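Peer 1: My request is simple: use the sequences and hints to build the entire structure.
Sequence order for the protein chains is L and W. Under this note's numbering, the first residue of the first sequence is numbered 1, with each subsequent residue one higher. Under this note's numbering, the first residue of the second sequence is numbered 1001, with each subsequent residue one higher.
Derived by calculation from the structure, the hints in this document are not laboratory data. Since we're looking at a predicted model, the values are computed, not measured. We put the beta carbon where it would ideally sit given N, CA and C, even for glycine. Incorrect hints may appear among the rest.
Said to hold, decoys possible - What follows is a list of derived Cβ distance ranges for each label pair:
| no. | chain 1 | residue 1 | chain 2 | residue 2 | range |
| --- | --- | --- | --- | --- | --- |
| 1 | L | F37 | W | K1050 | 47 to 57 Å |
| 2 | L | G161 | W | S1373 | 16 to 26 Å |
| 3 | W | E1296 | L | L155 | 22 to 32 Å |
| 4 | W | R1375 | L | V179 | 47 to 57 Å |
| 5 | W | G1141 | L | A46 | 47 to 57 Å |
| 6 | L | D65 | W | G1141 | 29 to 39 Å |
| 7 | W | R1438 | L | G161 | 38 to 48 Å |
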Amino acid sequence: MAAPTAPTALDRGPAPVRKPSAARGRRRRPRLAAWIFAGPAAALFALFFAYPLGASLLQSFTSEDAGTTRWVGLDQYQRMFDDPAFLESLFNTGVILAVQVPVMIGLGLALAVLLNQSWLRFRGTWRAVYFLPAVTTLVAYAVVFQVLLKTDGGLVNQILGAIGVGPVDWLNSPTWARVSLIVSLTWRWTGYNAVILLAGLQAIGKEQYEAASIDGAGTLTTYTRVILPQLRPVVLFCVITSTIGTLQLFDENYVLTRGGPDDATLTPVVYLYKVGFQQLDFGYAAAIAWVVVALIAAISALQYLAFGRERRR
Amino acid sequence: MSTRPTRRAVLATGLAATASSLLSGCAMGGVGGGGRAPEIDGKADDKGGKVSGRITVWSWDVAAKAMKRLAGDFEKRHPGTTVDVVDIGYDNAYDKITIGLRGGTGLADVLTVEGDHMPRYIGNFPGGFYDLMSLGGRYGGDFERAAWHTVTGPGGKLYALPWDIGPCALYYRTDHFRAAGVDPRSLLTWDDYVKAGIRIKKATGHKLIIQDPTDPGILPMLLQQQGQYYFEGGRVAVDTPAAVKALTLMKTLSDEGLVAYEKGWDGLVTGTKEGKAATTPTAAWWTGTLTSEMPELKGRFEVVPLPGFTADGIRTSNIGGSTLAVPAQSKNPRLAWAFIEFLLTGKNNQVSMLGREGLFPAYLPALDDPYLSERQDYFGGQRTLDVFARLARNIPPVEYDKDDAKATDIMISAVTGVMLHGRDPRRALGSAAGQLARATGRKRVA
Chain L
1 MAAPTAPTAL DRGPAPVRKP SAARGRRRRP RLAAWIFAGP AAALFALFFA YPLGASLLQS
61 FTSEDAGTTR WVGLDQYQRM FDDPAFLESL FNTGVILAVQ VPVMIGLGLA LAVLLNQSWL
121 RFRGTWRAVY FLPAVTTLVA YAVVFQVLLK TDGGLVNQIL GAIGVGPVDW LNSPTWARVS
181 LIVSLTWRWT GYNAVILLAG LQAIGKEQYE AASIDGAGTL TTYTRVILPQ LRPVVLFCVI
241 TSTIGTLQLF DENYVLTRGG PDDATLTPVV YLYKVGFQQL DFGYAAAIAW VVVALIAAIS
301 ALQYLAFGRE RRR
Chain W
1001 MSTRPTRRAV LATGLAATAS SLLSGCAMGG VGGGGRAPEI DGKADDKGGK VSGRITVWSW
1061 DVAAKAMKRL AGDFEKRHPG TTVDVVDIGY DNAYDKITIG LRGGTGLADV LTVEGDHMPR
1121 YIGNFPGGFY DLMSLGGRYG GDFERAAWHT VTGPGGKLYA LPWDIGPCAL YYRTDHFRAA
1181 GVDPRSLLTW DDYVKAGIRI KKATGHKLII QDPTDPGILP MLLQQQGQYY FEGGRVAVDT
1241 PAAVKALTLM KTLSDEGLVA YEKGWDGLVT GTKEGKAATT PTAAWWTGTL TSEMPELKGR
1301 FEVVPLPGFT ADGIRTSNIG GSTLAVPAQS KNPRLAWAFI EFLLTGKNNQ VSMLGREGLF
1361 PAYLPALDDP YLSERQDYFG GQRTLDVFAR LARNIPPVEY DKDDAKATDI MISAVTGVML
1421 HGRDPRRALG SAAGQLARAT GRKRVA
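Peer 2: As structure tokens, this is what we get:
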């Protein structure tokens, strides 16, 4: 809405200092100026975004053997259907999406509501504390979790041992490795989502709470009927970005478990990395990349359609 | 997990972020590896031909240390040359090399590549390296044959020169064995080994072996001992009787509770330090790790040859070891080759790298050096290097393949399935073979 009007405003804006030239020239000059401004960005976009995008799409239809490239059509895409490792990586992503994302958003919401209370002291400090995990270096955080979750002598197992529960093989058993990954992801990203949700909460005026209380609504009713519905777009934002993040998950599980044991924490992007850079199977890796992109687009669109309707009112 | 906190155009931002992070990684321009391996100008080898200029060498860890140390000697012998050794770190090394080969630019003049990685690069980037046959072919008889096998390609091409190898033996804790009353010299077969493990565990509570649950563990070693690897004649061979035998042994170790699971290299080192396992079946270079990382355990370790699958079977294998190659992008291949030749084809430099950096030479003449028969204080006065030197001559050459990385990934699943979930080895290997055949478009041996 704003974009199309901008050039005309420029056109008719401050009167040109120089003598106005022919109408054609006048129309052309702003276009040139626009290109001069947009040019570098467009060039960078073409070089680092459009070109790789197109090249990888083409590559996903090829296969390489001893340095020669062959066109194989949809073969690389077909391979995924009976590739247990890829299917396992999708399953793992599904588990994280179904378990970790709702738990994290729920926790984030509770935290945001808590941080928004007027009786809470040192609110700024609390917010910073909860946001901190999101700014730690990935590797540092993964290493800390590795130390915490070590089977022998790890802090978590020491505490468990003190209450007579005993040692859990956190990172070396497939099930517990999944649990470890989910816990570490939740630790890292809950505060981040809480801060975004908090911003949403603060956009809601005091009068809403007052109106609800005049209408006789208790605290719980106020939140479930009045506040949360208004927070919907913000929650949607958190859900979609978290879903995208989950589908792109790489660093955490790569450092923590390398996708193992037994592929229990393998994600499509870790698999893509292995296929491309370790197995040197570039065509297949490109195909996996495109399937991940398609999945992200599809899931985001679904979520948008399912929960975003309210915004269109 | 979240990407960008822009509120507008959530979808677009998310997609852009995904696409750029995922796709740019997988779309690297031209194919740098196609075509045929170029040859270095033959005149370079004439003793009169003088080399000059500058080269960059990529390596890591002790290997980089060794080259930095000897580069000075080389420069002195060849005035007007500069050898720049860069320690690129093991964690990024192969990503860097792969990207350089794929993109056709950006590589150093000399690359360190581990022996079992070499066939993968030769297979995928046959034009990515100089063919050294006309210059280095005459050294063929001087190098350990399994290592030589890994650097030669189809059509009699020589893609690298072997540097060090990793002949395997069984390191054992003398105290644990003594406490259980087990004579390590009596471990002739893997069956003896399992029986000894059960006794040691009963007597001392210690397990027998440490294994990484994200790794195929001792499987490659057990396969090579039987003269095979993942492919045979280009066909998938992961479900051969030899493979079933190997994985069944690993299952037995696991079923008897003799395996301590520790992730990664650090897990192996700390686990060994803490005395979790009574034995470590591994390569000669492990001596360096023991002496430098756990000096306090001096006198607790000795080595014997690996147990065999039969009492008169092969008692060793190879793990690791590396090679030096000259990528086709090198601007000064003559100097690159001169440096490699200086470093690897002389007894003195090889022995000094064994003594100082623990790099066990693939260059056989070096194994006759008196240094190898010296007693090692750390190993209770045992002539440890001599054990490895004798074993090194019996390493069975096996067929490494460009698809080994794929095979390894699939085999990790088979191994963990059997060891952690108690699956049947024969069936696990059968399905692994099927998967590998599909993924590589190859036939199966069995």
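Peer 1: Next, verify each hint and record whether it holds.
Peer 2: The hints, checked one at a time:
Range check, F37(L) to K1050(W): about 56 Å between beta-carbon atoms, so the 47 to 57 Å window is met. Remark: the range hint 16 to 26 Å for G161(L) to S1373(W) is contradicted by a beta-carbon distance near 49 Å. Restraint check, E1296(W) to L155(L): a C-beta distance of roughly 25 Å satisfies the suggested window 22 to 32 Å. Between R1375(W) and V179(L) the Cβ separation comes to about 50 Å, which falls inside the hinted range of 47 to 57 Å.
Between G1141(W) and A46(L) the beta carbons are some 55 Å apart, a value that agrees with the proposed interval 47 to 57 Å. At roughly 33 Å, the beta carbons of D65(L) and G1141(W) sit within the given window of 29 to 39 Å. Checking the proposed 38 to 48 Å range against R1438(W) and G161(L) shows it holds: the Cβ atoms sit about 46 Å from each other.
In this structure, only the earlier hint numbered 2 is contradicted, and the remaining ones agree with it.
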